[in-house]
Amino acid sequence: MIHLKNLDKQYKNGDQTLHVLNDIHLKIEENEFVAIMGPSGSGKSTLMNMIGCLDQPTSGEYLLHGTDVASQPEKELAKVRNAQIGFVFQQFHLLPKLSAMMNVELPLIYGGIKKKERKERARLALEKVGLEDRVNHLPNQLSGGQKQRVAIARALINEPSLILADEPTGALDSKSGTQIMELFTQLHHEGATLIMVTHEQEVADYARRIVTVRDGEIIKDRGHENVVPR
Amino acid sequence: MSFLDSVKMALRSLWSHRLRSMLTMLGIIIGVGSVITVVAIGKGGEAVLTSQFAGGGNNTFEVYYMPPDEELMDYDAYDDVAYTTEDLRAIQEMPSVNQVIAYAYNSTNVVYHQEAAGAQILAINENYYDLNEFTASSGRLLDNRDVDNGRRVVTLSTGVVEELFAANDEAVGQIVNIEGVPFEVIGVHERENQSFFAFQVDEVLLPQSSWPMLYGTDNMDMLNVQANSADDIEIASHAVTNYLNDQSTLSGEYQVLNMEEIEQGISQVTNVTTMIIGGVAGISLLVGGIGVMNIMLVSVTERTREIGLRKSLGATRGNILLQFLIESVTLTTIGGLIGIMLGAGVANTVSLIAGWPFLVSIPVVLLGVGFSMFVGIVFGLLPANKAAKLDPIEALRHE
Ligand SMILES: Nc1ncnc2c1ncn2[C@@H]1O[C@H](COP(=O)(O)OP(=O)(O)OP(=O)(O)O)[C@@H](O)[C@H]1O
Ligand SMILES: [Mg+2]
Chain A
973 MIHLKNLDKQ YKNGDQTLHV LNDIHLKIEE NEFVAIMGPS GSGKSTLMNM
1023 IGCLDQPTSG EYLLHGTDVA SQPEKELAKV RNAQIGFVFQ QFHLLPKLSA
1073 MMNVELPLIY GGIKKKERKE RARLALEKVG LEDRVNHLPN QLSGGQKQRV
1123 AIARALINEP SLILADEPTG ALDSKSGTQI MELFTQLHHE GATLIMVTHE
1173 QEVADYARRI VTVRDGEIIK DRGHENVVPR
Chain B
903 MSFLDSVKMA LRSLWSHRLR SMLTMLGIII GVGSVITVVA IGKGGEAVLT
953 SQFAGGGNNT FEVYYMPPDE ELMDYDAYDD VAYTTEDLRA IQEMPSVNQV
1003 IAYAYNSTNV VYHQEAAGAQ ILAINENYYD LNEFTASSGR LLDNRDVDNG
1053 RRVVTLSTGV VEELFAANDE AVGQIVNIEG VPFEVIGVHE RENQSFFAFQ
1103 VDEVLLPQSS WPMLYGTDNM DMLNVQANSA DDIEIASHAV TNYLNDQSTL
1153 SGEYQVLNME EIEQGISQVT NVTTMIIGGV AGISLLVGGI GVMNIMLVSV
1203 TERTREIGLR KSLGATRGNI LLQFLIESVT LTTIGGLIGI MLGAGVANTV
1253 SLIAGWPFLV SIPVVLLGVG FSMFVGIVFG LLPANKAAKL DPIEALRHE
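Protein chains in written order, with the working numbering: chain A, 973 to 1202; chain B, 903 to 1301.
There is no bait here: all hints are sound.
Label-pair restraints from in silico Cβ distances:
id, chain 1, residue 1, chain 2, residue 2, range
1, B, D1293, A, N978, 16 to 26 Å
2, B, E1301, A, K1047, 20 to 30 Å
3, A, Q1173, B, I1279, 46 to 56 Å
4, B, L921, A, E1099, 34 to 44 Å
5, A, E1189, B, R1299, 17 to 27 Å
6, B, L1199, A, L1110, 19 to 29 Å
7, B, L1188, A, Q988, 37 to 47 Å
8, A, E1033, B, L921, 49 to 59 Å
9, B, E1301, A, Q1113, 19 to 29 Å
10, A, N1112, B, I1279, 28 to 38 Å
11, B, E1301, A, G1116, 12 to 22 Å
12, A, E1001, B, I1279, 47 to 57 Å
Don't read these hints as lab results, they were simulated from the structure.
We put the CB at the ideal spot given by N, CA and C, even for glycine.
Full structure from sequences and hints, please.
And the structure:
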């Protein structure tokens, strides 16, 4: 499903070049649950953004479902992000003036779905993350864990083939973190492909495969080939 | 993403910053409001001026005597101007003429017991009411029977009544003396449709047929002619002046105010003033537009993370561009609509006070709406484009 070949990402800062990702080779199959670990500044988020089609590599190739992402126009990438990828962020990134329901609806709006269907699907998604009684709450009326669950509902709403979570438990206490991880495990069992960045070993242990990054290079890939059958 | 969804999204976001949205609109409101007001007042004033000069649109024109240049400042030059009964009859019989409205006037005293009041005495017939509408605030107006029978009756204007009598209703039935001739007061008259700026003249109306009793002549001093139709005005005015100049033994010339020229002159003046003030209002609209741009730029910066998030959820550049453009256009359009209502309100108040027609025209309103939308697009483009071009990752990382 995901195939990174020879991937490089550099930032030019004056006459200095910063090698953030260096010759990355990575293959992730459908329905894998992968954790990416590594020290701060090692390039984990950069790698995630690349996989999420938010960022483009300096060189190398990224095939998503067999198509080269670099060759796609911006509009096409927006469509891919909308339909195939669900993002979960450490800081939740909910729009503060919108209710939980409307936040969850956003991807459907960009997907051109009619209002009635949007409401139905948003309600179902919120039910799935256990927030059916918080539909009309504003983000600042929700706890951190609840906010993250709204964000997960938003990531799920378009039934994406890939869920990307960058430190989803990073801003949560351990109890809420556990709830989120149980939710992810459930999604994994239902067939979702999950990639998750984390600093915590306990969190990483929910995943079947742990990729370790240091200084922009993959130095360890434990559990590779250990694909869970559907 | 449907256009309607974009509009709803924009409205929601404007609504969530109500105070700011309102303040941002202020420049547009004032700009559009003043354009509407100025144009309406200009048009109203023009209509009033035109109707005063050009016979109120009832195809009437005034004939006047123009002495030769060297006698222009000489009062006596006008003394011999007179329209005889034969002149008036001849003019009345011209095919292009509907009716002749002639009157004589003089300034003299009206005496009641020991009191005397200076007034304009107008010798009229019932046609005179076609030049100017009158109402009787007490008693009645002169009518054709008063004229035909040469009755010695008068109506007084309120100003004269106030000078001679203790109360308005005391005047009717009393006898006043004009040039030593007694007249019965049958009513108190008022001129209708007086414009805001017109003087109230102390005047006395009496039947034309009693004029010879006072001054020994039935010649009239003033001549207005009503043509059959607007198209006949030109023909009638030529016929009348030709006739009078042929008859005349005076060294000067009878002329007619050329209404077309006057109307053109008036609209030129009002157009220039409207354009100047409109230009100033346009500048305030420009400043309002810059204000909108400024706030939209602030809003883009404030909402950088929102933009990054929306992009990560699948918003295209076009979606983001449209979102911000709709916000700025909505701001200026609503501002424009409020401005139009405000401007129409002010124009309406002014026209009520000044007593001229209320002239907020549909084209001006549409122009106001169109122009404020245009301002929204022009000044929204820069911020919207800035938002659309944001890099999603950097936007998401924005603190
Ligand atoms: N726009 C940029 N310009 C220059 N350098 C950048 C830019 N974005 C990221 N970097 C650098 O790239 C490196 C990797 O950043 P990245 O965010 O991927 O790290 P990370 O592994 O996610 O770290 P953390 O665990 O702290 O989130 C860092 O050294 C960072 O300073
Ligand atoms: Mg990171």
